[in-house]
Amino acid sequence: MVGVNKFFGDHQVLKDINLDVHKGEVVVIIGPSGSGKSTLCRSINRLETITSGEIYIDGVKLPEEGKELAKLRSDVGMVFQSFNLFSHKTVLENVTLAPIKVRKTSKEEANKRAMQLLERVGVAAHANKMPAQLSGGQQQRVAIARTLAMDPKVILLDEPTSALDPEMIKEVLDVMVELAKGGMTMIVVTHEMGFARSAGDRVVFMSEGLIVEEADPDEFFTNPQTDRAKDFLSKILTR
Amino acid sequence: MGVIIENLPTYWEGFRTTLLLLLVGGLGASVIGGLVALLRISPIGSLRALGAIYTEVVRNTPLTLVFFFVIVVLPALQLGIDSLYGAFIALSVYTSAFVAEAIRSGINGVPIGQAEAARSVGLTFGQTVVSVVLPQAMRMVVPPLINVFIALTKNTSVAGGFIVFELFAASKVLANANGDKVVPILLGVAAFYLLVTIPLGMIAGRIERKVAVLR
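The listed protein sequences derive, respectively, from chains A and B. Residue numbers for the first sequence follow the working numbering, so the first one is 42 and each next one is one higher. Residue numbers for the second sequence follow the working numbering, so the first one is 149 and each next one is one higher.
One thing to keep in mind: the hints can contain errors.
Within a straight-line C-alpha distance of at most 35 Å, the following computed DSBU-like cross-link-like pairs (lysine-lysine) qualify [to be verified]:
1) Lys170/A to Lys302/B
2) Lys302/B to Lys148/A
3) Lys153/A to Lys302/B
4) Lys302/B to Lys358/B
5) Lys153/A to Lys64/A
6) Lys358/B to Lys145/A
7) Lys130/A to Lys358/B
8) Lys211/A to Lys194/A
Hints listed in this document are in silico derivations from the structure and should not be mistaken for laboratory results.
Okay, chain B solo, but in the shape it has when bound:
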């Protein structure tokens, strides 16, 4: 325990970067994922196909590989990149596929009769999506989306392997410096991750209960 308190500043430094990665990665993933989800429900077939290909390719590629592409391959193509920005991009892209799937499943969860009723009273496709389908889908999307963000929280640790000094990288430094106390140091790292993921899980549970009442 003592070793954790002694090294709180180092933990804190890493933790801040982890939070930053989570925030930027989450935002980026939401924007890209939202767009891809729209592609996937579009009435135009080729756009649907494009969305499906993107999702399949991205979500079936290991995150480490995505990192290699962004951090190693891009600079090699003279598109030089700071490793922190590289981590933002890699996390955003990788997570966006899961966000897109979560949103799409939410949209599919809205009974077809809702859209039929909306079209029947004369709403256009766009109005139907915006006024009727999405507001209902969002409620169902939140719990799976939070799952995605919990996974993202933990995935930020991959950035530690690509010279970004976040929580996991901090633990490596600390473990090297305190070779006899590796276990408490790693437990300390785990505690910091839990600090983010447990509240996220609680929010998900809360929203789930709220949605249950509405149905």
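If we strip away everything but chain A, and leave its shape as in the complex, we get:
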């Protein structure tokens, strides 16, 4: 990401963002609400368009609308705060839709792979249920499996645990930690400081559209450099 700016009308939500994420790296973006974390995350696969600047994925510049963009998005996984499972399709169909439609995988092949992935995230038993019949934690794990089915180069996770009941957060975080250990490139917007500490390779702290601080997680949490970060941490860590 080079010099990315984004305006909503007069309001600038991203201010000259420069961010480089390496293959296999887990970057955790934290910061107060309204700081532009989610917008940053969503702009990487162009769910938000940017006003200026350039975004490259694997050396390729993010294309404009059209077939090229669809192709790029198939390589960039996205996990949403509100899961967004296709509500008219079963869990299994949710996972196989894109491999069949986009990658032209055969149905048997896609089903087989999907079952392996559902097994991996621990929801294989619910494969033939509708998403609405699952708990939030289960739905989010299905969403992760849906993303993995496309073998993405990078996965963007936009507050994946923020809409979950406390007891379900762990089951999703466990899956994410496992992914991180498996060498997946991940950009995670989260309020889960525990995850940032245990699985993050780097913490990016944002405030008011700016990247204020970038550091190793241990370094950041024990010895934040900027006042803004100190202030933020003091508010969330004393609780």
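Dock chain B against chain A, hints included.
The following block gives chain B in isolation, referenced to the frame of chain A:
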């Protein structure tokens, strides 16, 4: 009551034409309305505008006026037209605007996250619409669409004023012939309309309950 039974053949003749008008008008309206709805969600601005103009013009024109245009104006332009076909066209065109709006509202009712998720896994705009948005929209569209068809059922009576012998025209003939029994004759006509509209309403209620379970 006796007068209704005596004149059942006339009622029946009119009722058949009413059903035909409903069927053809409904089909025509669905086809045109579907196309207009697609125009209205198209990523291309000028197509969206075209769809919006069509919808606004058609749905804000009184049905009788649409009939006049089709049945009186078209023949005057040497595009001669049978009044029954004219009625098909007028009903299809008029109803299509309402069908388009019903479909569009259904599409808008599908949460934006569904389309975002579909685009994120690499589906193209077309694939997103066909595989994710429309199947969900259709469920929400059915109840309002049935409302439109109930309105269409009753609107077919306008054709009676343009020399199409449907249920309402039949009632005029019968009322003229039996001047002392106008009220039972009109009640008979109403009953025939209810024969169509009440089952339609029941279907709508059924589907609504089904959709409610799915959500």
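Does the structure keep Lys130/A and Lys358/B at a Cα separation of 35 Å or less? The hint holds at about 16 Å.
Under the criterion that the straight-line Cα-Cα distance not exceed 35 Å, is the pair Lys153/A, Lys302/B satisfied? Status violated; Cα separation ~53 Å.
Run the distance test for Lys358/B versus Lys145/A: straight-line Cα separation, threshold 35 Å. holds (33 Å)
Take the C-alpha atoms of Lys302/B and Lys148/A, compute the straight-line distance between them, and say whether it is at most 35 Å. violated (48 Å)
Need the status of pair Lys211/A, Lys194/A: alpha-carbon distance at most 35 Å? holds (25 Å)
Checking one constraint from the list: CA of Lys170/A to CA of Lys302/B, max 35 Å. Satisfied? violated (42 Å)
Hint check: Lys302/B vs Lys358/B, CA-CA at most 35 Å. Holds or violated? holds (27 Å)
Compare the distance between the alpha carbons of Lys153/A and Lys64/A with 35 Å, and conclude whether the hinted pair is satisfied. Satisfied, since the Cα-Cα distance of roughly 28 Å is no more than 35 Å.
In summary, the numbered hints that this structure violates are 1, 2, 3.
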